[in-house]
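Colleague: For reference, the chains in residue letters:
4 protein chains.
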Amino acid sequence: MPFHYPRTIHFADTDAAGVVFFPNYLAICHEAYEEALSAAGIGLNTFFAQTGTVVPVVKSEAEYLRPLVCGDKLRVTATPSGLTMNSFAIRFEVIRLGTAEKIAARVRTEHVCIDAKTRERVALPAPLAAWVQAG
Amino acid sequence: MPFHYPRTIHFADTDAAGVVFFPNYLAICHEAYEEALSAAGIGLNTFFAQTGTVVPVVKSEAEYLRPLVCGDKLRVTATPSGLTMNSFAIRFEVIRLGTAEKIAARVRTEHVCIDAKTRERVALPAPLAAWVQAG
Amino acid sequence: MPFHYPRTIHFADTDAAGVVFFPNYLAICHEAYEEALSAAGIGLNTFFAQTGTVVPVVKSEAEYLRPLVCGDKLRVTATPSGLTMNSFAIRFEVIRLGTAEKIAARVRTEHVCIDAKTRERVALPAPLAAWVQAG
Amino acid sequence: MPFHYPRTIHFADTDAAGVVFFPNYLAICHEAYEEALSAAGIGLNTFFAQTGTVVPVVKSEAEYLRPLVCGDKLRVTATPSGLTMNSFAIRFEVIRLGTAEKIAARVRTEHVCIDAKTRERVALPAPLAAWVQAG
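Chains as they are written, first to last, in this note's numbering: chain S, 1099 to 1233; chain U, 1099 to 1233; chain A, 1099 to 1233; chain E, 1099 to 1233.
There may be inaccurate statements among the hints.
Identical copies carry no separate label here, and so any pair may be met within one copy or between two of them.
Unchecked claim - No more than 30 Å apart at the CA atoms, straight line, and that leaves these computed lysine-lysine pairs for BS3-like:
{"#": "1", "residue 1": "Lys-1215", "residue 2": "Lys-1171"}
{"#": "2", "residue 1": "Lys-1215", "residue 2": "Lys-1200"}
{"#": "3", "residue 1": "Lys-1200", "residue 2": "Lys-1157"}
{"#": "4", "residue 1": "Lys-1157", "residue 2": "Lys-1215"}
{"#": "5", "residue 1": "Lys-1171", "residue 2": "Lys-1157"}
Note that these hints are calculated values from the structure, not bench results.
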């Protein structure tokens, strides 16, 4: 079952067109990823320092299907899947809540695990691999 | 009793110093203001369009007392107080939760109500005035 | 010849990993698009109001090839191409300047022109169509 | 003579009220500070690592005098002044260019130099002290 992250759209997310600025959909999805990791016992602020690894996003794809305005209530789902020993993808759906739920965006990110110093690819640390596998 | 807004620090809030970028404390306080208005039945996306007014921030002051890192849990309190017929202030406290609560920032904003077209000062719309007075 | 936009990486672009937060690459590319339109005599703040149209981004794809740090100097190129009567794409390259130039990201966005009120697809206004065609 | 930083307002700076979101004035002033340091030979990305110090903003004050819209051209001036052995202030003026120049905001920040590890106050590194004194 994918992780569900509740989110409200704030003024800071919007731009002069009156709706969420498209790069902010990706930032909101990254929040869902952070919360999913946190719920799995992985704290972003210490985990990567402890393991000596970082997991940068190397690709993203997004379809922006509906505008979102200040005050909109969302549910963001995050579903990871393994790609290789040192990489994984996450599929996100951004759902606008209301009398009828509507999908507002579909986002996919790819993440590669690297050594923080050498920047060589390394295997996912076990807790992260477990989270990906459980997705 | 001041309004209490719970917030978690996300990656998007931080900068290369590893902590929350100082302008983002103000953005986080503005979220608390939006949520306080919403809890009082005032939806930012429609209220100002309906009343023909906007309430820009004309001043801000902030003391940044403690760094905040990704994953930190906060409680932000927002306490409004009237200044004139067409203006009010809000005091915010950003509290970092944990075994011992610590104040991370004190912020104060001033807001002036103006006509969206003429940009002349106008009296606060009644629901907003009521929210300020109840602060 | 594609439009060239010079940009320096600032603290506000970075995150706690010490490098540019990936959604901010898209925001930087959008700046290049705005500057390209401006150079073609199209001012974002008035053009869309005057024509009654908006041109939201409906898709984005990005490859993040190299980390960027505070102080890095960039050249962002933006090359538009027509898709249909009411849509176009832009290819961006984010180049990190230095003794050896390095490509830091490739980004592609798709834009659809719609009526600001009905949100029905409409043909690109002539100056925008001309800019796309000249790409 | 204060440092002059030219800046154009972009979509990413604005919010659904159609103007620059007030915390972003502070981010724009911080860009001017970064550029002023860079012009003085101080690169943010290496200087603080090399000296083992960081210089967080501990206070900010701002008056937001005029709205700014997408496409507005600015000149931001930054004038530092020493406070103590380990702290300094910067006064910023955000000027909107045009047929008549208009001041759009006045901002003041206070910065304290601390050891990056112990977080104890330490004297400003010499190049930074020189920049403050030359302000």
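Colleague: Each of the hints needs a verdict: does it hold here or not?
Modeller: For each hint, the structure was consulted:
1. Lys-1215 to Lys-1171: Between copies only: 23 Å across chains, 40 Å inside a chain, cut-off 30 Å.
2. Lys-1215 to Lys-1200: between (43 Å within a copy, 20 Å between copies)
3. Lys-1200 to Lys-1157: Result: close both inside a copy and across copies, 25 Å intra and 17 Å inter.
4. Lys-1157 to Lys-1215: This pair counts as within: shortest intra-copy Cα distance 21 Å, inter-copy 34 Å.
5. Lys-1171 to Lys-1157: Both, since 27 Å and 22 Å are each at most 30 Å.
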